[in-house]
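Chain by chain, the residues run as shown.
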Amino acid sequence: MTIWLIVGLALLTYASRALALVFLPKPSPPVEAMLRRVPGPLFAGFAAISLVTSSGAATPPATLAAVLAALLVARTRSLLIILSAGLAGYSAAEVIGALF
Amino acid sequence: MVLGATSPFAAAIGVFGTIYGAGASAVADPATIVLSSLVVFSGAVQFAAVGLLLTGAGPLAILLTAAMLNSRNLLLGAALRSSLEEPRRKRAFLAWWLVDETAGLTLASPAPPGRTLLFSGAFCYAAWVIGTAFGVLGASLASLEELVAAVFPVLFVGLAAQSTRTRDGVLRVAAAAVVSLLLAFAVPEIRSVIPAIAAVAVAMPGEKG
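Respectively, the protein sequence lines represent chains A and B.
Be aware that the first sequence starts at -6, since it is given in the working numbering, and climbs by one per residue.
Be aware that the second sequence starts at 5, since it is given in the working numbering, and climbs by one per residue.
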């Protein structure tokens, strides 16, 4: 890994972050309404792809159990409760996996 | 409040920073590895670069991969843009802190968006750089990798829940999750941009009524 490669990666990464945030004008009302609908689906997408490895295989069952447990309490909208449930689901799957 | 919500993300990012620092030792010296985390601040890009270097890929292939991985930042920036009232120069400073996790926290938080992006970003950045330094120094948290990998989807479930208030929103979230999952299995090579594609696709149709 050379310094020039790092500089290139840094410039590309910062440019991608700044392009919309700095140069995009305030969006028109229809575009703003559409963008307001993006976050929830975007986060759901991030969660979903985390269940698939970069080679296209499913992640370990414990990860799936963590997500399912988190989904069960998602209605609370509490990050702390959802994280706790996820960790409990993960631990339960690990224990069950060790037993069988 | 921002620091409290950021803590689990920062902890997970710190662990991945340590794994990155240890793994990158195969392709760079310690100072270069820490420098990469200081100036790039992108786990996806840095892990991909190390992976490609290990396979013998050249700089052009690595930069093209980075450009593809970074394309989702355009959507995150666009989604954040309308909530930021700061002048252009300040937005240019805030852009540095834009990563998946900080964008999520900013969009889901009731706190002022500029401040949330800054504080959550600084917290995650510190965790990433310190984690990298620990990894370079020989710390090994590989045993935690599976647990930490499970924390990210759980936290994104939480952010999706916090961002969704209506039945229409729940349907869009469910549709995006299903589409992303299917696409990730079908074309894992473009995995990193799938959530953006799915989110825009399900956000396009207007609300009924």
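Calculated directly from the structure, the hints in this document are not laboratory data.
Just to be clear, a hint being listed does not mean it is correct.
Claimed, not checked - Derived DEER-like restraints, expressed as beta-carbon distance ranges:
| # | chain 1 | residue 1 | chain 2 | residue 2 | range |
| --- | --- | --- | --- | --- | --- |
| 1 | A | W(-3) | B | F189 | 35 to 43 Å |
| 2 | B | A130 | A | G90 | 30 to 38 Å |
| 3 | B | A96 | A | V88 | 48 to 56 Å |
| 4 | A | A81 | B | A143 | 22 to 30 Å |
| 5 | B | E89 | A | L61 | 19 to 27 Å |
Said to hold, decoys possible - Computed far set for chain A versus chain B, every beta-carbon distance over 10 Å:
| # | residue |
| --- | --- |
| 6 | A85 |
| 7 | V88 |
| 8 | A91 |
| 9 | L92 |
| 10 | F93 |
To be verified - To give an idea of the chain A side of the interface with chain B (calculated C-beta under 7 Å), a few residues:
| # | residue |
| --- | --- |
| 11 | S9 |
| 12 | L61 |
| 13 | Y83 |
Where is the CB? At the ideal position from N, CA and C, for every residue including glycine.
Failing hints, ascending?
-> Of the numbered hints, 5, 12 do not hold.
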